[in-house]
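Trainee: So the protein lines, in turn, are chains A and B. Per full-length UniProt numbering, the very first residue in the first sequence carries number 1; after that it's consecutive. Per full-length UniProt numbering, the very first residue in the second sequence carries number 1; after that it's consecutive.
I should point out that these hints are in silico values taken from the structure, not numbers from a laboratory. Quick reminder that beta carbons are idealized off the backbone N, C-alpha and C, glycines included. Mixed in with the good hints, there may be bad ones.
[Claimed, not checked] With beta-carbon atoms standing in for the labels, derived distance ranges:
(1) A/E177 to B/E319: 15 to 23 Å
(2) A/K143 to B/L158: 50 to 58 Å
(3) B/R370 to A/S234: 21 to 29 Å
[Claimed, not checked] For lysine-lysine, the following DSS-like pairs were computed, each having C-alpha atoms within a straight-line distance of at most 30 Å:
(4) B/K377 to B/K264
(5) A/K246 to B/K167
(6) A/K342 to B/K194
(7) B/K167 to B/K184
(8) B/K137 to A/K69
(9) B/K127 to B/K137
(10) A/K300 to B/K112
(11) B/K412 to B/K377
(12) A/K157 to B/K192
(13) A/K257 to B/K186
(14) B/K208 to A/K86
(15) A/K300 to B/K127
(16) B/K184 to A/K257
(17) B/K186 to A/K309
(18) A/K124 to A/K21
(19) A/K69 to B/K192
(20) B/K271 to B/K377
(21) B/K459 to B/K447
(22) A/K143 to A/K15
(23) A/K300 to A/K15
(24) A/K86 to B/K127
(25) A/K137 to B/K186
(26) B/K377 to A/K257
(27) A/K143 to A/K246
(28) A/K342 to B/K271
(29) A/K143 to A/K300
(30) B/K264 to B/K253
(31) B/K271 to B/K242
(32) A/K130 to A/K246
(33) B/K208 to A/K69
(34) A/K157 to B/K271
(35) B/K184 to A/K130
(36) B/K431 to B/K447
(37) A/K8 to A/K130
(38) A/K130 to B/K253
(39) B/K186 to A/K157
In case you want the letters, here they are:
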Amino acid sequence: MNFSELFKQSNQLCKVSPDGKYLATCVQYRLVVRDVSTLQILHLYTCLDQVSHMEWSSDSLFILCAMYKRGLIQVWSLEQPDWHCKIDEGSIGLVSSRWSPDGRHILNTTEFHLRVTVWSLCTKAVSYMKYPKACQKGIDFSKDGGYMALAERRDCKDYVSIFVCEDWHLLRNFETETQDLSGLEWSPNGCVLAVWDSCLEYKVLLYSLDGRLLSTYSAYEWSLGVKCVSWSPSSQFLAIGSYDEKVRILNHITWGKIAQFEHPASIDNTKAEGNFVLSVPELPHPDEICAPPIQIPVVKPDPDRANPKIGVSVLAFSSDSRYLASRNDNMATAVWVWDMQKMSLEAVLEQTAAVRCFQWDPRHPRLALCTGNSKLYLWSPRGCVSVQVPAEGGFQVQSLSWHCSGDFLILLGKDQLCLCYMDAEQEENTSCRHCENV
Amino acid sequence: MTHFKLFENNEISRMSHVMMSPSRQSNLELAYSLSTYSVIGAFCTEDNVPQCLLHINQELASLGLPVCIEASSPEGANLNAVPVLNAVYELLQIHRRDMCTLEEMEKEQMKKSSSLDLIQMTNSRLKDQLELSIREKSGLYETERQLQLKLKTLQRCLKGEKDEVQKLQSIIASRASQYSHDAKRKEREAAKLKERLSQLLIDRKDKKLAIDVLNNLGRSDGKRSQWRTTKATASHEGEMYKFLLCDYEESQKSLVLENAELKKVLQQMKKEMMHILSPCQPSSRGATADEELAESDEDEKTRDSSRDTLDQSCEHAREQLTNSIRLQWRKLRNHVEKLDNQASQVLHQMESNKDMIPFETHQDEMERMRHEVQQCKEFIHAQQQLLQQQLSTSFDDETAALLYDCYTLEEKERLKEEWRLFEEQKRNFEKERRNFTEAAIRLGREKQAFEEDRAAWFKNHFLNMTPFTNRRRCSSSDGQSSLSIISEPEIRMSVKAHKAKASTYTTFSTPKSSRSTAAPSTTDLYRTLRLIPDCSSSMHSNQVWQESSTNGDEDIRIKSKSRGLHCSDLDIFALGEDDSLT
């Protein structure tokens with residue numbers, strides 16, 4: 001595994017272009033665009049203020065830099081460095097900003113979620129969407145970029161509007177049966193919209209593209225409900241992580257529960273069905289593989305605080321829908337990997353510190369995770385590796401993201417970034433013992 | 001009274017010790033005295049006075065009385081009254097004393113017996129009481145135990161309820177904290193809004209929102225943007241529904257394929273299960289019943305297969321299939337269980353490894369079957385993939401429908417093969433025809449050339465004619481002479497190939513005679529005469545023609561058609577080929 005040198009970045013803003021050729025980084029108020037293969041600086045742009053959010057357009061030709069404090073957006077072109085575009089939201093303020101899937105419209109959410117402004121870079125036209133909802137995930141585009149779902153709140157009722165991204169035509173507007181809509185997400189095939197309620201009520205609703213309610217799912221009442229929702233890339237499964245430390249899997253044919261994954265504090269043979277637990281201690285000797293029964297350290301959350309640190313908050317499917325990685329917030333040092341074919345636990349990766357970030361390789365079934373120390377951990381069904389990031393002055397890996405080809409990783413520290421290149425033979429020659437899955 | 005005489009000492013002492021009750025003492029004394037009188041009368045007689053006296057003294061001594069009775073006279077039966085009276089008095093005292101003691105003892109005994117009775121009664125009463133109390137105690141224990149149980153369950157319920165209450169309280173607490181958190185957030189936001197509003201009202205310098213672009217961009221897909229019309233909106237609706245329908249169709253297709261695959265697997269499983277069961281059944285007990293079952297299985301098999309070809313998706317057929325699968329599986333399971341039992345039994349009986357093998361073979365069979373099923377599944381999967389690939393590449397629904405039909409596919413293949421053959425044959429025919437035409441053309445050309453040559457030759461000959469040869473030639477012009485001359489070339493041209501008439505050739509020109517050796521072989525001639533079939537006759541004849549052209553005019557004359565007046569060999573040719581070439 002090779003590591004590149006360290007580069008400066010600020011605000012954890014570092015993104016690879018969708019076509020995989022360029023790497024854009026924000027350093028204070030500058031935008032640096034590098035070539036991914038040579039890491040040479042190709043372009044350097046200067047924004048008017050410190051950049052809060054940076055995003056590539058879908059065709060990798062433009063970069064959006066948002067400065068929320070100033071309410072400004074600046075768009076830069078790669079082909080024409082002289083081209084400039086500045087959008088000023090004026091006194092209405094700016095809370096979030098994003099590209100539309102066609103790469104020619106910018107959607108700005110104003111302060112207090114008063115409205116969503118759609119700016120067209122082709123015609124300089126403006127259109128508005130009223131009453132957007134301020135929630136965990138109020139806007140979602142379908143994967144093919146054809147449709148946009150927007151959560152709205154009017155007269156104390158939740159609505160969902162579906163727009164056709166081609167001309168922002170309102171296709172459907174329907175009321176949802178939620179108390180307080182918390183998020184919505186399209187299925188990868190673009191035909192089903194999953195809508196979930198806030199944590200005060202466990203309710204997941206599934207709507208078809210034309211606005212019909214397909215199914216409702218509610219596992220229990222009164223206790224805190226849904227914490228996160230994730231579709232499998234094949235659209236076959238919908239994984240729901242909730243505050244009761246369980247993940248429930250729904251299938252796309254009957255929208256009924258087909259599996260329930262629990263995160264107990266002690267794993268023994270009967271529960272794990274012979275799976276092994278991997279323990280990755282912060283020591284020079286290679287990673288240990290432990291046999292059950294295993295105890296996982298639990299941190300009890302403060303019961304008086306809102307949004308307690310308990311329950312499954314992160315769910316991630318591998319690109320082939322074969323594996324599901326989950327993290328239970330009161331066992332923050334462990335990442336649980338489930339096998340979706342066998343519907344059972346595959347491995348538990350226990351770290352010495354709380355896992356900060358994990359992400360699946362977009363091509364292969366390989367999971368990279370980091371805990372805020374200077375190591376990078378990789379897991380695959382064949383084995384696991386922990387690699388020390390070679391950097392002078394200590395580089396704390398705080399978050400990571402894969403390149404779309406799965407060839408390298410971008411590791412982000414507090415104000416630095418580093419690229420980690422995977423070897424083609426990495427899978428074969430893992431340095432530690434292999435996990436055996438029975 | 002006479003029998004009392006024979007009393008022994010023992011009996012007397014025994015009689016004197018008889019116990020009597022004190023109340024009846026006097027009566028008894030009398031009776032006793034009366035009876036004893038008779039006894040004493042029997043004891044001592046006139047004769048045995050001294051013995052009796054001795055005996056009585058002994059008795060008195062044994063009682064502790066020192067009185068000694070003596071006889072008043074040695075031979076008389078009289079006694080000293082004083083000791084006797086003393087003795088008697090002592091004896092009476094003793095007797096009285098004894099009586100008293102006896103009375104007392106009797107009293108005592110009565111008392112004791114009554115107290116004993118009393119005690120026994122109380123004892124039995126107490127025993128009854130004790131039993132009763134023991135029973136009561138056990139009953140109480142029982143009730144206590146039940147009450148303990150009840151208490152435990154109630155405690156458990158209480159604990160459960162407490163837990164429930166706790167949980168609900170915690171839920172309420174968390175909800176309350178969530179609500180308060182949200183409320184605070186909203187309040188903060190409202191405060192911010194108010195602040196911003198007041199700021200705006202104060203500020204008045206409204207920063208207008210604006211966009212400042214260097215130049216407009218083209219659309220990412222390169223098309224021009226369109227007006228939003230009702231047609232466009234309708235098309236959006238249509239597109240959306242199409243998209244949804246495509247997705248549903250795809251999922252339905254995949255489900256149908258999966259169903260078909262699973263059905264096939266089930267069918268195969270069923271067949272294999274039946275196959276496994278049927279040969280075993282005659283060997284097992286209750287063969288008749290099994291045979292019946294086998295027959296019914298056979299019927300089922302035929303029925304199912306016929307139904308399969310008709311309508312797979314019929315629910316009845318599906319049910320039938322699943323039921324038959326269940327039935328077969330149950331049979332198989334029972335059979336396997338039976339075999340297992342048999343195997344274990346035999347294992348217990350004989351401790352040899354022989355019996356492991358059948359089980360092993362069974363295992364192997366199962367493994368093989370599983371492997372087969374796996375292979376079939378993979379094969380089906382591969383087929384499915386190919387089919388899906390095919391489905392994905394077809395654009396038109398009609399062609400897709402056509403392609404679905406496997407019969408046309410087969411026919412198409414056959415047709416392709418036939419077409420190929422046909423094409424090949426056609427090509428060959430074309431080739432041959434071309435060759436023939438070429439040959440014909442060449443023949444025509446050659447013919448023309450020959451005609452010219454002939455004309456030239458005739459001219460030459462005519463000019464060079466001598467009177468002698470003229471006559472010969474003239475003579476040869478008429479048919480008869482030609483006939484006579486024919487004989488010569490006939491001989492020459494015959495298979496025997498007489499070269500004796502070489503002299504005839506010399507008249508023409510010497511080169512011809514030399515050429516006679518270089519004349520074409522008989523096979524060539526025959527070929528050109530079309531007497532010998534030649535598949536590449538055209539080719540060869542071309543060669544022949546070419547050869548002839550290289551060899552000179554004479555050969556041409558020989559081979560080509562002629563109506564010459566010279567050597568009739570040419571005439572023969574002419575005769576021979578007249579019909580074919582003209």
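Trainee: All the hints need checking, so say for each whether the structure fits it.
Mentor: The hints, checked one at a time:
1. Checked against the hint of 15 to 23 Å, the pair A/E177 and B/E319 fails, with Cβ atoms roughly 37 Å apart.
2. Our hint of 50 to 58 Å for A/K143 and B/L158 holds, since their Cβ atoms are close to 55 Å apart.
3. Our hint of 21 to 29 Å for B/R370 and A/S234 holds, since their Cβ atoms are close to 27 Å apart.
4. Between the alpha carbons of B/K377 and B/K264 the distance comes to roughly 9 Å, so the proposed pair stays at or under 30 Å and holds.
5. For the hint pairing A/K246 with B/K167, the CA-to-CA distance comes to about 18 Å; that is within 30 Å, so the pair holds.
6. About 55 Å separates the Cα atoms of A/K342 and B/K194, which puts this hinted pair outside 30 Å; it is violated.
7. Using a Cα cut-off of 30 Å, the hinted pair B/K167 and B/K184 holds, with the two alpha carbons roughly 25 Å apart.
8. At roughly 87 Å between alpha-carbon atoms, B/K137 and A/K69 are farther apart than 30 Å, so this suggested pair is violated.
9. For the suggested pair B/K127 and B/K137, the alpha carbons sit about 15 Å apart, so the restraint of at most 30 Å is met.
10. The hinted pair formed by A/K300 and B/K112 fails the criterion: a straight-line CA distance of about 85 Å is larger than 30 Å.
11. Distance hint between B/K412 and B/K377 is fulfilled; the C-alpha atoms sit about 28 Å from each other, no more than 30 Å.
12. With a C-alpha separation of about 23 Å, the suggested pairing of A/K157 with B/K192 holds against the 30 Å cut-off.
13. For the given pair, A/K257 sits about 35 Å from B/K186 by alpha-carbon distance, which is inconsistent with the 30 Å threshold.
14. In summary, the hint linking B/K208 to A/K86 is supported, as the alpha carbons are separated by about 13 Å, within the 30 Å threshold.
15. The hinted pair formed by A/K300 and B/K127 fails the criterion: a straight-line CA distance of about 67 Å is larger than 30 Å.
16. Note on B/K184 and A/K257: the hinted pairing is violated, with a Cα-Cα distance of about 36 Å set against a maximum of 30 Å.
17. A distance of roughly 22 Å separates the Cα atoms of B/K186 and A/K309; the hinted pair therefore holds under the 30 Å criterion.
18. For the hint linking A/K124 to A/K21, the alpha-carbon distance of about 29 Å falls within 30 Å, and the restraint holds.
19. Of the pairs offered as hints, the one joining A/K69 and B/K192 holds, with about 14 Å between alpha carbons and a cut-off of 30 Å not exceeded.
20. With a C-alpha separation of about 16 Å, the suggested pairing of B/K271 with B/K377 holds against the 30 Å cut-off.
21. With a C-alpha separation of about 18 Å, the suggested pair B/K459 and B/K447 falls inside the 30 Å cut-off, and the hint holds.
22. Between A/K143 and A/K15 the alpha-carbon distance is near 19 Å, which keeps this suggested pair within the 30 Å criterion.
23. Restraint check for A/K300 and A/K15: the C-alpha separation of about 35 Å exceeds 30 Å, so the hint is violated.
24. Between A/K86 and B/K127 the alpha-carbon distance is near 112 Å, which puts this suggested pair outside the 30 Å criterion.
25. The straight-line distance between the Cα atoms of A/K137 and B/K186 is roughly 17 Å, inside the 30 Å bound, and the hint therefore holds.
26. Under the criterion of a C-alpha separation no larger than 30 Å, the hint pairing B/K377 with A/K257 is consistent with the structure, at around 27 Å.
27. At most 30 Å may separate the alpha-carbon atoms for a hinted pair to count; A/K143 and A/K246 meet this at roughly 28 Å.
28. Proposed proximity of A/K342 and B/K271 is supported: the alpha carbons are some 28 Å apart, at most 30 Å.
29. Taking the CA atoms of A/K143 and A/K300, the gap is near 38 Å; set against the 30 Å cutoff, the hint is violated.
30. For the suggested pair B/K264 and B/K253, the alpha carbons sit about 16 Å apart, so the restraint of at most 30 Å is met.
31. For the given pair, B/K271 sits about 42 Å from B/K242 by alpha-carbon distance, which is inconsistent with the 30 Å threshold.
32. For the hint linking A/K130 to A/K246, the alpha-carbon distance of about 36 Å lies beyond 30 Å, and the restraint is violated.
33. Our distance criterion of 30 Å between C-alpha atoms is met by B/K208 and A/K69, whose separation comes to about 16 Å.
34. Annotation: proposed proximity of A/K157 to B/K271 is violated, straight-line Cα distance about 59 Å (limit 30 Å).
35. This hinted pair checks out: B/K184 and A/K130 have alpha carbons roughly 24 Å apart, not beyond 30 Å.
36. For the given pair, B/K431 sits about 23 Å from B/K447 by alpha-carbon distance, which is consistent with the 30 Å threshold.
37. Proximity of A/K8 to A/K130 is assessed by CA-CA distance (about 39 Å); at most 30 Å being required, the pair is judged violated.
38. At roughly 41 Å between alpha-carbon atoms, A/K130 and B/K253 are farther apart than 30 Å, so this suggested pair is violated.
39. The hinted pair formed by B/K186 and A/K157 meets the criterion: a straight-line CA distance of about 16 Å does not exceed 30 Å.
Checked against the numbered hints above, the structure breaks hints 1, 6, 8, 10, 13, 15, 16, 23, 24, 29, 31, 32, 34, 37 and 38 and satisfies the rest.
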